[in-house]
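In order, the protein sequence lines correspond to chains A and B. Residue 73 in the UniProt record's numbering sits at position 73 of the first sequence; the count goes up by one each step and never skips. Residue 908 in the UniProt record's numbering sits at position 908 of the second sequence; the count goes up by one each step and never skips.
Don't read these hints as lab results, they were simulated from the structure. Since no wrong hints were added, every one of them can be taken at face value.
Below are the DSSO-like pairs computed for lysine-lysine, each with C-alpha atoms no more than 30 Å apart in a straight line:
| id | chain 1 | residue 1 | chain 2 | residue 2 |
| --- | --- | --- | --- | --- |
| 1 | B | K327 | B | K344 |
| 2 | B | K644 | B | K777 |
| 3 | A | K65 | B | K30 |
| 4 | B | K347 | B | K43 |
| 5 | B | K876 | B | K665 |
| 6 | B | K727 | A | K122 |
| 7 | B | K727 | A | K127 |
| 8 | B | K127 | B | K702 |
| 9 | A | K120 | B | K730 |
| 10 | B | K286 | B | K252 |
| 11 | A | K120 | B | K702 |
| 12 | A | K156 | B | K910 |
| 13 | A | K120 | B | K727 |
| 14 | B | K25 | A | K65 |
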Amino acid sequence: MDTSTLLINLSHHIIDMWPLKSIFLLSSLALLSSATEEVSRTEQTSTLFSVEGELALPASRNCAKWSAGARVHLNHGQYIGFVRQDCTFRVDFVPSGTYIVQIENTDFVFEPIRVDITSKGKMRARKLTILQPNNVNTLPYPLRLSARGPARYFRKREEWRITDMLFSPMVLMLVVPLVVMLILPKMTANDPELKREMENMQMPKVDMPDVGEMMANFFGGPAPAKKKAVTAGSGQRRK
Amino acid sequence: MRLPLLVTITLIASATAIFEDQVGKFDWRKQLIGCPARVDFDKIGSKSDRLLISTEQSILSSLVLNTGNIGWRRIMEDSNQVVQPNGLTFTKDHEYIYSISSDGRSIRVWHKNNGVMARQLTISEQKSTIQAIHVSNGRLHVASGKTLMVFRLGDDKPLETIVAKRERSFSAFFQQDDHLVHVSAFPGDFNLEIVKISDDGSFETPKQVIIDGFDVEKCHHQSQYISCYHNSQLLVADVFAQKVHKTTLDSKLQSISGSGRLFLARGSQKVHILEVTSENGLQVRKSIDLTSSDTVGITENHESIIVASPESIRIVFVNSGKHFEAKREKNEQNSRIRSIFARKNEKDWEIVLVGNDCRIEFVTVDEGSKIVNLEWAREESLINTVSVEMVDLPLSESQQMIEDEFEEEGQQNIIAAFVRRIHSQVGQLIRQVTKNVEKAIQVVTSLSRDGNGVADFINSVRAAGQIGSASSSGPFERDYFNLRKVIIVVTSSGTVFGIDSSDGSYLWKLWLGDAFSPLESQLDQKRVPLFVQRTTAHYQLDGLASVVFSNKITQNGVIVSFNPMIGKVESRNELGYPVKRLTILPIHNHRHVFPVMLIGKNDEIAVFPSIAPEELTPSTTSLYLLDLQKSSVQGLKVDISTQKVTPIWQGNLGLTSDDEIVAVKGKSFNQKVHSQGRVLVTREVQYKYINPNLAAVATINKNTQQLTITLVDIVTGQVVHSASIGKSAKPIHLVHSENWIAYTYWSEKGRRTELGIIELYEGTEENHTQKEMFDSKIVQKLPPVVAQQSYIYAQGVDAMSVSETEQGLTTRSILVAHPSGNIHEVSRRLLDANRPMELTPAMREEMMIGYMPEIAVATEEMINYNQTVHRVRGIKTSPSGLESTSLVLAYGTDLFFTRLVPSGTFDILKDDFDHVLISLVLTGLVVGSYVTKRLARSNALASQWS
Numbered sequence: 001m002d003t004s005t006l007l008i009n010l011s012h013h014i015i016d017m018w019p020l021k022s023i024f025l026l027s028s029l030a031l032l033s034s035a036t037e038e039v040s041r042t043e044q045t046s047t048l049f050s051v052e053g054e055l056a057l058p059a060s061r062n063c064a065k066w067s068a069g070a071r072v073h074l075n076h077g078q079y080i081g082f083v084r085q086d087c088t089f090r091v092d093f094v095p096s097g098t099y100i101v102q103i104e105n106t107d108f109v110f111e112p113i114r115v116d117i118t119s120k121g122k123m124r125a126r127k128l129t130i131l132q133p134n135n136v137n138t139l140p141y142p143l144r145l146s147a148r149g150p151a152r153y154f155r156k157r158e159e160w161r162i163t164d165m166l167f168s169p170m171v172l173m174l175v176v177p178l179v180v181m182l183i184l185p186k187m188t189a190n191d192p193e194l195k196r197e198m199e200n201m202q203m204p205k206v207d208m209p210d211v212g213e214m215m216a217n218f219f220g221g222p223a224p225a226k227k228k229a230v231t232a233g234s235g236q237r238r239k
Numbered sequence: 001m002r003l004p005l006l007v008t009i010t011l012i013a014s015a016t017a018i019f020e021d022q023v024g025k026f027d028w029r030k031q032l033i034g035c036p037a038r039v040d041f042d043k044i045g046s047k048s049d050r051l052l053i054s055t056e057q058s059i060l061s062s063l064v065l066n067t068g069n070i071g072w073r074r075i076m077e078d079s080n081q082v083v084q085p086n087g088l089t090f091t092k093d094h095e096y097i098y099s100i101s102s103d104g105r106s107i108r109v110w111h112k113n114n115g116v117m118a119r120q121l122t123i124s125e126q127k128s129t130i131q132a133i134h135v136s137n138g139r140l141h142v143a144s145g146k147t148l149m150v151f152r153l154g155d156d157k158p159l160e161t162i163v164a165k166r167e168r169s170f171s172a173f174f175q176q177d178d179h180l181v182h183v184s185a186f187p188g189d190f191n192l193e194i195v196k197i198s199d200d201g202s203f204e205t206p207k208q209v210i211i212d213g214f215d216v217e218k219c220h221h222q223s224q225y226i227s228c229y230h231n232s233q234l235l236v237a238d239v240f241a242q243k244v245h246k247t248t249l250d251s252k253l254q255s256i257s258g259s260g261r262l263f264l265a266r267g268s269q270k271v272h273i274l275e276v277t278s279e280n281g282l283q284v285r286k287s288i289d290l291t292s293s294d295t296v297g298i299t300e301n302h303e304s305i306i307v308a309s310p311e312s313i314r315i316v317f318v319n320s321g322k323h324f325e326a327k328r329e330k331n332e333q334n335s336r337i338r339s340i341f342a343r344k345n346e347k348d349w350e351i352v353l354v355g356n357d358c359r360i361e362f363v364t365v366d367e368g369s370k371i372v373n374l375e376w377a378r379e380e381s382l383i384n385t386v387s388v389e390m391v392d393l394p395l396s397e398s399q400q401m402i403e404d405e406f407e408e409e410g411q412q413n414i415i416a417a418f419v420r421r422i423h424s425q426v427g428q429l430i431r432q433v434t435k436n437v438e439k440a441i442q443v444v445t446s447l448s449r450d451g452n453g454v455a456d457f458i459n460s461v462r463a464a465g466q467i468g469s470a471s472s473s474g475p476f477e478r479d480y481f482n483l484r485k486v487i488i489v490v491t492s493s494g495t496v497f498g499i500d501s502s503d504g505s506y507l508w509k510l511w512l513g514d515a516f517s518p519l520e521s522q523l524d525q526k527r528v529p530l531f532v533q534r535t536t537a538h539y540q541l542d543g544l545a546s547v548v549f550s551n552k553i554t555q556n557g558v559i560v561s562f563n564p565m566i567g568k569v570e571s572r573n574e575l576g577y578p579v580k581r582l583t584i585l586p587i588h589n590h591r592h593v594f595p596v597m598l599i600g601k602n603d604e605i606a607v608f609p610s611i612a613p614e615e616l617t618p619s620t621t622s623l624y625l626l627d628l629q630k631s632s633v634q635g636l637k638v639d640i641s642t643q644k645v646t647p648i649w650q651g652n653l654g655l656t657s658d659d660e661i662v663a664v665k666g667k668s669f670n671q672k673v674h675s676q677g678r679v680l681v682t683r684e685v686q687y688k689y690i691n692p693n694l695a696a697v698a699t700i701n702k703n704t705q706q707l708t709i710t711l712v713d714i715v716t717g718q719v720v721h722s723a724s725i726g727k728s729a730k731p732i733h734l735v736h737s738e739n740w741i742a743y744t745y746w747s748e749k750g751r752r753t754e755l756g757i758i759e760l761y762e763g764t765e766e767n768h769t770q771k772e773m774f775d776s777k778i779v780q781k782l783p784p785v786v787a788q789q790s791y792i793y794a795q796g797v798d799a800m801s802v803s804e805t806e807q808g809l810t811t812r813s814i815l816v817a818h819p820s821g822n823i824h825e826v827s828r829r830l831l832d833a834n835r836p837m838e839l840t841p842a843m844r845e846e847m848m849i850g851y852m853p854e855i856a857v858a859t860e861e862m863i864n865y866n867q868t869v870h871r872v873r874g875i876k877t878s879p880s881g882l883e884s885t886s887l888v889l890a891y892g893t894d895l896f897f898t899r900l901v902p903s904g905t906f907d908i909l910k911d912d913f914d915h916v917l918i919s920l921v922l923t924g925l926v927v928g929s930y931v932t933k934r935l936a937r938s939n940a941l942a943s944q945w946s
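In isolation and in its complexed conformation, chain A is listed as follows (with noise of 0.2 Å):
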């Protein structure tokens, strides 16, 4: 039959039906006594459960805004439900068998739930033991999760401190002698027989390469001249 003609048909219907029902009865055998029946809401045996639980935040932090990035996930993505403002969720249509419940946020770590559904809809919260799975440490239900800690990505940029540097073992190396060298003297400086004691104590004389020296040279320019009264000046302050 052509489309236009049964469309036709249908426009007939509707013209008769709100006015006058007993005509629009009358008129048409195709109508059916109300097709459509009442069911009611009587629960069948239902074979979908829902997993429900709550989120416990720091108390800084506030479930309503928060929840806009998060996600409650079953065995990994298998199941999704959302966060409510109040910070429960639900996650509906669920067969019987055995979850892993997961929230997925950016801001904090949760512990990850196992959930038991018999086919029966009881419900079973576990503590999640991945290495021994069999292990049975019972948790209530509905669930109550609550975040670990906030997650960090980052690692800490090592900061300069004071402290850090003159603990160094090199630091310690170079001002111990120092404090050694500069120290000594003075104290040598207010008892003569100890100067005395000091000057004979033969110091073993090694030949070092004076590194200031050097680069005072190589930038000084040439004054070769002075170079000797400048070393033997230096000598003798040195004493």
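Given the coordinates of chain A, assemble chain B onto it according to the supplied hints.
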């Protein structure tokens, strides 16, 4: 014993995390919402306007109208039905959005301003795509499948529910003033059922009409009308006035749409605008001539009709004879427009155009100036990314000069060579000097702008240094470490993009045409293969890349070649047959192009560009391919010179009919393996079994739930190794690289994801023969030594990939994308088949890590830190010029690009290395020593005098 282990692991782990100040320095993310199916203009509070968009990818989102940025975005569960994504059916009131989700089984109520879910209501357990939702009089009316429900707003329990006996095929709510009715149709026996909803929210007894041939496909419903077309006849039924208007138009109709009292009936040549009035019934108000590239839309206030084409936007007033046309900036690479959503405000028209290429464009049209202003545009087809390649930028001028210097080998003239060298070196010098002068000028200008303190000076010097390294503003050429690339992204929507890897900006776009359709792969995935045929290494020649897809109408294969730097199409060839399989040849022709070979259903062969027989070397005349069939696997030999395909082996690899092939992974022919062997604790060398012809096939048995991984040599058909894991399930992911295969599967027994690794070795020195190239045909005396290990992994896996570096020297990392949106980096040092159970001191000395059953997932190891990437389908890795660095692009609902350093940046200075401080200290020391020298001299002189 555990403590040192943990310490080593944390040491390795901490080396991968980035610093907080590196955020966004070399990574970027593009968040996408998908191809819009429905767009609503909306005002949130009194402030800014938003667009509420539900998309084909089951994403409900809100865009800021002024900027096009995402206000919020909620990713629903993947819909099983393609036609009806989750969240598509939604309605709104002043505060909430009500959307039907879970395949028509529940309603989610969202806050309009921030996307937080307020409530969740259950409809029924029956899935359905026939959905309708309406909110009025403080009540929410929902129809889905068989169910019809009324909720009082704020309640979780329905006021009333009726369930029909059968599934509906059409369902809609109609409202006029305070009267609300629900109209539905049933498939098969052409019933139209009308249910009136009374003022207290209860349903009145439904009335039924039997009608034949009510075709949902050819009907449209709006405010109080159902309009249908058939050939050139148009029928409009008024649901409330109980009147049917019909009219016959002068041409065959193709589609019907409309809003309010207006109907747009589109034929092939023109669109008729009809209006229903109480006095005159259905009347044609206007007819507008159209071309096939035009799309028609109507504003929200039903006063003007928008006709958009790639060149212009025409606005036609319904109530007056006025109309005007405003020119658009034409771009060949944007497709024709699919749908128009428009509204008129006081000043101008605000129009959202959605293209066939999923490009969302927001334009305003001003009547006075007749100008189309492009406010913003979003390329949403990227959500369907299927193929990605990263191509080097062209050589810089100085690199070209160096190339030039060595290019002309034919000339032996010493003087000419010398002159050339001097010339190129002078060029380099000039370049260097100009660059430094530019930098100095930059520093000076920034200094004069910012101030003149010492801190300012240091900061400006630092900033200048960074400008040089980031180079996003610099010329379009290769940077020193080749870290900046052009990312070519091919989508299954028919678009190709060139994206700058330094900041994620679009360089170019290519629209493959309306006839585009992706190829179907053997594993039932859409794919649009992309091949880089010539890189930019040959600086006299431009790069060349090709995509292969099929023609929607003829199903024949089409190959489009383009320049990857600018997106210019070089050639477009349509084959005479559908493409069954295709590959890039491992040999190049005299123009350095690696040809692509396309094999048809009946083994027809075409090679683009063609390759001459004399360009083939004896070792490259034939190619071996693996061909998957229903229950068997075939090895094919393709003779390139004679263009013949011959099967050389066939077998079932020990698979039964219950086995389903879930993944096949070969190796790319240009993968580099740096070290041939691995030094054992005993100081022996264990040589890697590196077979370029090896393919890994993962199958899963439906009955026994057994996962089998078979390693087969494609050339000979020899099964090199086969391993089975019981009680496992999808998702299964496979990575095949060098001499190892890593795989993940869901273990039903342990209820956890497990990560396995298989490594192949040729054994130690005695039975290893050093050879130039691996040859499958040389019979191996001994089968390879196999090491395998499994680890527990506490997260799900969406996609898996492996890092690539230039020389293959750096320890590889496996990248694992989680459903939660994180991308986890697992070092091969941890995912190692040779981690010993007992750690001896000798092993500890070698820094080996003892076996631990679990691979820990720490948030520090997420390469995308808090920049989550959802529904990741693939992760593309590509080497950079630095051996330590691998470039990574993860694609799914979002795109995320970053640099990966699997073993730390061992070949460059740390990015916090302070050049300025070091040079300041150095100059200070030099100056200091000079000054003290002076002082010492005068001091010495003074002491001489005294």
